[in-house]
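Engineer: Sequence:
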Amino acid sequence: MKTDIQIAQETKMELIKNVAARLDIQEDDLEFYGKYKAKFSDELWEKIKDRPDGKLVLVTAVNPTPAGEGKTTISVGLGEAMGVLNKKAVLALREPSLGPCFGIKGGAAGGGYAQLIPMEELNLHFTGDFHAITSANNLLAAMLDNHIHQGNALRIDTNQIVWKRCLDMNDRALRNIVVGLGAKADGVVREDHFVISVASEIMAILCLANDLNDLKEMLGRIIVAYNYDGEPVTAKDLKAVGSMAALLKDAIKPNMIQTLEHTPAIVHGGPFANIAHGCNSVRATKMALKMADIVITEAGFGADLGAEKFFDIKCRKAGLTPSAVVLVSTVKAMKYNGGVAKKDLPEKNMEALKKGIVNLEKHIENLQKYGVPIVVTLNKYVTDSEEELTYIKDFCESRGCEFALAEVWEHGGQGGVELANKVLNILENKESNFKVLYPDEYTLKQKIETISKEIYGADGVTYSAAAEKALARIEAMGMGNLPVCMAKNQYSLSDDPKKLGRPTGFTVNIREVYVSAGAGFVVAITGTIMTMPGLPKVPAAEAIDVDDDGNIVGLF
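Counted the way UniProt numbering counts, the sequence shown spans residues 1 to 556.
You may find that some hints are simply not true.
20 Å max Cα-Cα, derived EDC-like pairs, lysine to aspartate or glutamate [stated by the list, open to error]:
| hint | residue 1 | residue 2 |
| --- | --- | --- |
| 1 | Lys355 | Glu386 |
| 2 | Lys88 | Glu428 |
| 3 | Lys354 | Asp394 |
Just so you know, the hints here were simulated from the structure itself, not pulled from any lab data.
Let the hints inform the model, and build the full structure from the sequences given.
Structural biologist: See below:
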């Protein structure tokens, strides 16, 4: 059986200018990164902004399991299937982080015959957007420490510095560090921290900004520390905004590549959904809506994280109205949630399936709260039995959902035609009554508790003393109207990754709260979630290499 990278490298790519032409984009509006990657020019928006919007379709999933659900694979395959049906469609997806590429999760290019290409370039460096974000983040950190070293005119309290350095790599040793050691000329000694780049507020800002002016305004609002009077100190106060924007001026331009079947794909931005808001950029999505009749986008991890944040943060802030949701699952995922070990998942087990399908049921109920029509799709495996598939189909349809099997990993676009037809039926015949989960006027605690109870199924919420203090301070600063970004593990609906299925009788524990004033949301960290992941015992990096011909090998 061929690996994903073998399939990708054997595919003959179209010139990206020809892919863009299908969306009525001229060569002059592309900034080329070789023959097969390009960024959109700043002038393109003015040319397309008056076109009517297409329909927006969100692809989300159940909680991830060790067997893998293939959400990105389904997204890509659905885009390819729209091409098979001669529909004008475009993908709007996130960029991969290097951390999971070299860790355990892998990249974000899809798989099998439903992939984005050039796959290895997308997963490694791409057009440099993440490097620009990392540089802008760390420039701000350097200017903050330099300001303190040079006399501290802003009276920054070094015990109340909240801005962290970042690196796009899983490196647990950098979570908690000390900087400024050595001579007096080496800076002020203090505790510091790193987050992974996809958790940086600058990543969130890039993904929520409409244009360069909007970006600069949001960068200026970033709170880096508090002074001795407890007042916020911002990036604007440090005079860092212009230089940060200079580093990000190209990164804010959306990127275009293609699928194996040459479907256009706009890939831009990439915040994680378990520790950030988990959606591709607003700018890319809005441009995509002007380019095609159907836009297929994706939110990270399960619907309890990615979809909730897509609706309650991205759609709220950008004024987007999704027309349909595709909820991805597998027979294996349901059996895993029913207590079956990974090695036994291929075996038929109706008892475990019926026990574990409650996880899918909860995600269906959650998505229905937003008023958007749902298609449940199963990423089909050869080990799935007809009895299992029929049971799930009946289960979903009895709950008011459309249902379709997808075999895009094996058959590409042809394997997604059934799913594409179900999506098209919704877009043509059902109305979306989209609404957000909570109003802006709720207090921050009301928002946290609404998400925890309505989406996770918790009985209540507890707060650490530090979280209580932070919530009071944020509301005192007049930021209580902001939406909440919950940082939670992806494996369970609860804040305990070991509680599978549809857990009940639990409380959500809020350990830490901080405001991303630039991005415009409040982050609530639950349980033991880490904003800087670590590498596993055997990282994927051990298998990656470059052969004698210069080809990357071992990348999935």
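Engineer: Hints first: check each against the structure and report whether it holds.
Structural biologist: Here's how the hints hold up against the structure:
1. Lys355 with Glu386: holds (18 Å)
2. Lys88 with Glu428: holds (15 Å)
3. Lys354 with Asp394: At roughly 12 Å apart (the allowed maximum being 20 Å), aspartate 394 and lysine 354 satisfy the hint.
Violated hints are absent here; each numbered hint is respected by the structure.
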